[in-house]
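Q: Here the working numbering is used: the first residue of the sequence shown is 1, the next is one more, and so on.
Derived from the structure by calculation, the hints contain no laboratory data. Please note that a few of the clues may not be correct.
To be verified - Mimicking EDC-like on lysine to aspartate or glutamate, the simulated pairs with C-alpha atoms at most 16 Å apart in a straight line are:
1. LYS349 <-> ASP397
2. LYS122 <-> GLU51
3. LYS695 <-> GLU722
4. LYS526 <-> ASP505
5. LYS349 <-> ASP422
6. LYS695 <-> ASP682
7. LYS261 <-> ASP227
8. LYS84 <-> GLU160
9. LYS380 <-> ASP397
10. LYS189 <-> GLU326
11. LYS580 <-> GLU606
12. LYS616 <-> GLU593
13. LYS480 <-> GLU462
14. LYS450 <-> ASP733
15. LYS35 <-> ASP309
16. LYS580 <-> GLU554
All values derive from a computational prediction rather than experimental measurement.
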Amino acid sequence: MRTETSPAHVEDLYESWFLDYASYVILDRAVPHIKDGLKPVQRRILYALWELDDGRLNKAANVIGHTMRYHPHGDMAIEDALVKIAQKELLIDTQGNWGNIFTGDRAAASRYIEARLSALGKEILFNEDLTEWQASYDGRNREPLHLPVKFPLLLALGVEGIAVGLQTKILPHNFAELCDVAIQHLQGKPFTLLPDFPSGGLADFSGYQEGRRGGRVRVRSRIRIVDARTLQISDLPYGTTTVSLIESILTAHEKGKIKVKRVEDNTGHEVDIRVHLPTGVSAEQTMEALYAFTDCEVSISVNCCVIQDEKPAFLGTRDLLVDAVERTRDLLKRELELNRETLLHKIHKATLEQIFIEQKIYRKLEGASSWEEALPILQKAFKPHLKAIVTPVTDDDLEALLEIRFKRLTKFDSDQANKVLDKLQAELKETEGHLKQLTAYTINWYKSLKQRFGKSSKRRTEIATFGEVSAREVVLANQKLYVNRQEGFLGTGLKKDEFLTDCSDLDEVLAIRRNGQAMLVKVSEKTFVGEDLFFVSVVPPISGTNVLHVVYREQEDGPVLAKAVRLSGWSRDKSYELAKGIQSVLFAQIWPEGTDAYVEVSLAREKQPLLYNMGKLASETRNSRGRIVTLRPVASVARAQSPKLTLQLTYDAKTQRLGENVGGKAVGTFAADTRLLAVTQDGHLRVFTASFVQKLPGPLHSCMPLAQDAILSVVSRRRQEELVLIRRLKTDDWGDGSEFQLSELRDHKIVGLSFAEDPFLRLTFQAEQGPPEIIALSDWTSCKAPHQAPTRVARPGLATAMLLT
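Whenever a hint applies, use it, and build me the whole structure from the sequences.
A: Here is the structure:
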């Protein structure tokens, strides 16, 4: 009968059972143990091969059946684990078709293929005297709790497993390199340990993080350009096969990401995939596209999880190596200690036997009628020889002497017995020497292991560093983009509207309205971006260096400004204001940062357009105000086609004209877009672009390039007066057409002009007045507007004033 407490009871049972199940999967199925680097099924397979080993090959089906004596694994699970171990070509010698890691072909049926332990497997896996044992699932057999593995086997094999709530993925490493780094660790030297994949390829380990959680490895196929229309893939990324790789290439072709004519798979013992390209397709671009859109490049996430102290532990490959090497040293020590005990027992037995026969102690047993009578006689007879005996003499030793046959007594050879004892003593001395120098012995053991089994272990994976392939840079333009500027729509589905350009599904489009509102959107069938569109453009793929250059007007009669804005960091489908207070956008274009990009600014009252280099603009934030291009009325702005880059300016004193081809005295050679400052002798300042001829209001004093965001220092003096006038003017907002009149200069003479950051004024006096005086202008005056009065510096007996830069 069901009660009210039944549901709670069932929930408790479910919680308990699920926890038991999760613990079982983690500890006994999916995750390897740190002590031997094996999952339980792998350990049972190797132990089954050890028990079956007689030097001959065994049918895989027999190995599978023998393994099931220790645990009721399914035969398919055991077969799959056996094949994976065998394909590592490390612990198992095979015969027959064991599958192909390149093509993904499965092994033949277990009744057709054969296996046995390799010499390396016997060397590093087993020692029954050092093995911990447990009963099998039915109690009829015993199986190893852990194998006494004397090698970083987990790193050599690699492992992948999914348990309840966690997973492990440890990548395989090169056998010879593992021996090398084990030696380096024992020698106290720093070491670097990186995976090596049996399928070869190129690998970037910059994000590997020693195999810890969160680390990843990027692996690429090795692709070679055979000719202009053929690519050869000769390696595979780890975890892929030729079948999956070819399928990914064909899928990318069907989606229009790449164009291929056909793909041939010529893989045998080595990978050989030929990708044939149609006419007109770039082999270099296709190679990059293969990395971007196919399994020719994969990213592998790693997670080094093992069982340690009967619970999961997340470690790094360095931790695993150090633990394995230290465990190897401990196992070698225990083997040496066992060998020493064996040698001591043999020496003890041989010494007793030699004394028993050579000293004819057996003759003293005459008359003894039983074992009980003989033992005291032997104990008494051996007392004079106890110094020559290594360990105490026991009754068992004496009983063994009494069992020696008469034939052996009569044919005993003392010389041969001495040779055997000397050999045993030499072996004991050598063993004790190894125990005293255990680290050196372990190093030599690893060197011997590498020499015997590592000759063919050459690194297959090339360590490389390669950047991310931008999919937008290599994708084919397989779509057409249309725009409806008036209504504010754009997309690939507006086929009745204005065609803009070819594009791809991965492209981004920048749309700018006339009022300066901008939006970045992804290519789609139809997207609303705002009415009255002024500028629409596909953003070039290299977004990190793309800069939007825009020319705009603040008010109806206000100045025209220009600015450069980076496109990186923009969110899609979000409206941005390119600058505050934009009345109308006059020009917009996307150029890479630092590009010399000229625009022609057509002035309303001038025939010759103003040339302006947008590439000189430093990138600014969207909220910052742009740089003044001109204060004069502007009719239009367009990109300059082929601007004349340099001009030779002259000044005609008769007509007071300054510009190119006006005659008179040479002023200098300037870039056509250079912004110049002309100063007349009576203090009139005018800012203009070098490409414009200027009619000055008075005689020219000087002409120099205008330093933007700088400070202009002006020093003047009336003849014979004992004072000078100094002023410092900021040039931040000086644009083409800016003019200022410094009133004090109408009856003063200019002493000097300078854009130096911190100029000095040098004053000299009459001989009787003293030495020269040096004045820092920044200490005497702050920056002022042109209409403000200058700072006066009066000195009695002033002779000369000079501006120093």
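Q: The structure should be examined with respect to each hint, and the outcome stated for every one.
A: Okay, the hints, checked on the actual structure:
no. : hint              : verdict
1   : LYS349 <-> ASP397 : 7 Å, holds
2   : LYS122 <-> GLU51  : 11 Å, holds
3   : LYS695 <-> GLU722 : 35 Å, violated
4   : LYS526 <-> ASP505 : 13 Å, holds
5   : LYS349 <-> ASP422 : 14 Å, holds
6   : LYS695 <-> ASP682 : 15 Å, holds
7   : LYS261 <-> ASP227 : 14 Å, holds
8   : LYS84 <-> GLU160  : 11 Å, holds
9   : LYS380 <-> ASP397 : 14 Å, holds
10  : LYS189 <-> GLU326 : 15 Å, holds
11  : LYS580 <-> GLU606 : 29 Å, violated
12  : LYS616 <-> GLU593 : 9 Å, holds
13  : LYS480 <-> GLU462 : 41 Å, violated
14  : LYS450 <-> ASP733 : 75 Å, violated
15  : LYS35 <-> ASP309  : 10 Å, holds
16  : LYS580 <-> GLU554 : 8 Å, holds
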